[in-house]
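Start from chain A and add chains B and C according to the hints.
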Amino acid sequence: MDWSFITEYYPLYIESAVLTVTIGGLGIILSVIVGILCAIARYYRIPLLNGIAAAYTELSRNTPLIVQLFFLYFGLPKIGIVFSSETCGVVGLAFLGGGYMSESILSGLLSVRKTHLEAAASLGLNGFQTMTNVILPQAASVATPAVCANVIFLLKETSVFSAVSLADLMYTAKDLIGMYYSTTEALTMLVIAYLIIILPVSIVFTLLERRLHRAGI
Amino acid sequence: MDNEDVVIEVKGLKKSFGENVIINGIDLTVRKGETVVLIGPSGCGKSTLLRCLNGLEPIQEGSVLLHGEPVEYGKRSLYKIRQKIGMVFQDYGLFPHMTVLDNVMLAPLKVQKRAKDEVKKEAMALLERVGLGDKAKSYPSQLSGGQQQRAAIVRSLVVRPDIMLLDEITAALDPEMVHEVLNVVLDLAKNGSTMIIVTHEMAFAEAAANRVILMDGGVIVEENPPEKFFKDPDTERAKRFLSTFSYSR
Amino acid sequence: MRGYEVLFAGNNFLRLLGGLWVTLRISLISIALSLVLGILLGAAMTVKNKAVKAVCKVYLEIVRIMPQLVWLFIVFFGLTRSTGVNLSGETAAVIVFTIWGAAETGDLVRGAFVSIPKHQYESGLALGLGKAQLYIYVILPQTIRRLTPNIINLSTRMIKTTALVSLIGVTEVLKVGKQIIDANRYDAPDAAVWVYAAIFLMYFVICFPLSVFSKKLADRFK
Chain A
1 MDWSFITEYY
11 PLYIESAVLT
21 VTIGGLGIIL
31 SVIVGILCAI
41 ARYYRIPLLN
51 GIAAAYTELS
61 RNTPLIVQLF
71 FLYFGLPKIG
81 IVFSSETCGV
91 VGLAFLGGGY
101 MSESILSGLL
111 SVRKTHLEAA
121 ASLGLNGFQT
131 MTNVILPQAA
141 SVATPAVCAN
151 VIFLLKETSV
161 FSAVSLADLM
171 YTAKDLIGMY
181 YSTTEALTML
191 VIAYLIIILP
201 VSIVFTLLER
211 RLHRAGI
Chain B
1 MDNEDVVIEV
11 KGLKKSFGEN
21 VIINGIDLTV
31 RKGETVVLIG
41 PSGCGKSTLL
51 RCLNGLEPIQ
61 EGSVLLHGEP
71 VEYGKRSLYK
81 IRQKIGMVFQ
91 DYGLFPHMTV
101 LDNVMLAPLK
111 VQKRAKDEVK
121 KEAMALLERV
131 GLGDKAKSYP
141 SQLSGGQQQR
151 AAIVRSLVVR
161 PDIMLLDEIT
171 AALDPEMVHE
181 VLNVVLDLAK
191 NGSTMIIVTH
201 EMAFAEAAAN
211 RVILMDGGVI
221 VEENPPEKFF
231 KDPDTERAKR
241 FLSTFSYSR
Chain C
1 MRGYEVLFAG
11 NNFLRLLGGL
21 WVTLRISLIS
31 IALSLVLGIL
41 LGAAMTVKNK
51 AVKAVCKVYL
61 EIVRIMPQLV
71 WLFIVFFGLT
81 RSTGVNLSGE
91 TAAVIVFTIW
101 GAAETGDLVR
111 GAFVSIPKHQ
121 YESGLALGLG
131 KAQLYIYVIL
141 PQTIRRLTPN
151 IINLSTRMIK
161 TTALVSLIGV
171 TEVLKVGKQI
181 IDANRYDAPD
191 AAVWVYAAIF
201 LMYFVICFPL
211 SVFSKKLADR
221 FK
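Chains as they are written, first to last, in this note's numbering: chain A, 1 to 217; chain B, 1 to 249; chain C, 1 to 222.
So here's chain A without its partners, still in its complex pose:
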């Protein structure tokens, strides 16, 4: 292991890790929003929107992110829709993640038992009050483990960003391997960088799930 190489180039990794986390974070937040909207459209079977949300969910879940990104980044500009690499990363991740989030959130909403909906109705709660007081709190705790799993999955998917020329961690590693043949060092730093990003999130989520499990909701 060449330590001088590592001390020289680790700032590059920090820079690209920040980029990975920023683009990834934005994409994940957006995917939760998209997921909630789609899940609500499907839960209430809102005409037209229900169909669009269902079709979108299937399209996003049954195609690879790298192909989605290629279409966004190399395909769409040819018909005049131009994205920067960064926007492309955020939009691509949100497109992919929105479908996964929508499935998880919808199954959370659907897990609320019919008796609870009828009990709410017979107490005189209107649709909005039922949603906020009865459905959402229960759906949230049911959907949380799946949503957390999606977040980890999406964090890992960010590794594809280099395909659309984002200077992310993979891009940096590949660059260093190509330029200096310092494969071992470049890969070691790559693994450590991803561990630093993913491990804490994974541990926090595990603890959260354990708490939810103990609460027994």
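Among the hints, a few may not be true.
Cross-link-like lysine-lysine pairs, in silico, DSSO-like; alpha carbons within 27 Å at most [claimed, not checked]:
| hint | chain 1 | residue 1 | chain 2 | residue 2 |
| --- | --- | --- | --- | --- |
| 1 | B | K32 | B | K137 |
| 2 | C | K178 | A | K114 |
| 3 | B | K120 | B | K110 |
| 4 | B | K14 | A | K114 |
| 5 | A | K78 | C | K178 |
| 6 | C | K178 | A | K156 |
To be clear, the hints were calculated from the coordinates, so they are not data collected in a lab.
Below, chains B and C without anything else, positioned relative to chain A:
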């Protein structure tokens, strides 16, 4: 007769699921302070009738009027009418993410917008009355079935409904818990609550009812005061139904 | 030439399908190997020995924590460097996807066994079944029912993930697409949108029926 007294009035009610006719023309009037007990074999339509009274099911013919106002499935204003109808279900339907007290206070606070202090006082008093004063801060999952069902009754009572609908509320309970729940209901009946009760507990029906209604095949077969119905029913069907509850060798 | 005409000009479409087959072949080989290794691993995870359990668990978590692309890099660039053996991109991909697939399959197998309620074993034994009979007639059929939809899901995940091999130099459908786009960049400058849309749909046509099928199976076995 004084029409002011009529709480709920059902006229020519018909209800079917597809081809399957569940309720085939029912007329029913319930007055203030009356306790009506609905009995009948499984699938006779008694639970469905109760659900129609609360607008939980669409109906094909006839009408349900609460104080002269129509109760219609799917109507936007339905939730306003439902505040005047309390309903308790077989499987409790307590919200698992709220404490017992929060379950009880939800509707008065969110729907009726009453003052929190007053609601809390009343909720605690009612919980004490059904023997759950010490369980106010517990979550439903920490309670026995009987305790959950008593809490569910309180949750409906605190809204001060004009009528209570109880749908087989002891059917999911262990036998030794049935009593504690029915005692609460009996207490309500004696204190003049207006109620329609669907049950399989004949001894309870005899003790609580002002009027017993036997349903079969989606229609009312017999309607009599309990002392008449259980001692000397008018119809053969009622005799046969009652005989299924006794054992002889 | 219009963009979409490029798709069907010459043998372009066949070339794209050929590229798709490259990734599909990698997935199919990896899925087959994963099944064999994963079932063994899953069986190992259900044994009572704590050390065996711990080793399996650590293996699963290590594989899971890293993005698959990082593993591809480690095997493709790293192994080559440290062992001197020159792996082709395809071989590296099969190695990575098998290691990953075996870990996930193992976890699914374990989950399926654990999900069989205890009373199923007890009532089987109470009927006087022998141990082998108990497994053949009672436990395995239920395990397989629970396992099949999850394995199909895992397979679609693996098929989608193999699209990454273009990033370690394998000439698969995305690379072939790029070649076609480049060759036609003067005649049909908008070919890219059609070619990538076509590749997108190709993956959808493969993965969507599998998802539907697995959902149907899961619903039926519920």
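Structure-based check of all given hints:
1. With a C-alpha separation of about 34 Å, the suggested pairing of B/K32 with B/K137 is violated against the 27 Å cut-off.
2. About 52 Å separates the Cα atoms of C/K178 and A/K114, which puts this hinted pair outside 27 Å; it is violated.
3. Proposed proximity of B/K120 and B/K110 is supported: the alpha carbons are some 13 Å apart, at most 27 Å.
4. Our distance criterion of 27 Å between C-alpha atoms is met by B/K14 and A/K114, whose separation comes to about 24 Å.
5. Between A/K78 and C/K178 the CA atoms are separated by roughly 14 Å; this keeps the pair inside 27 Å, and the hint holds.
6. Pair hint C/K178 plus A/K156 holds up; C-alpha atoms about 25 Å apart against a cutoff of 27 Å.
Hint compliance for this structure: hints 1, 2 are not met, and every other hint is.
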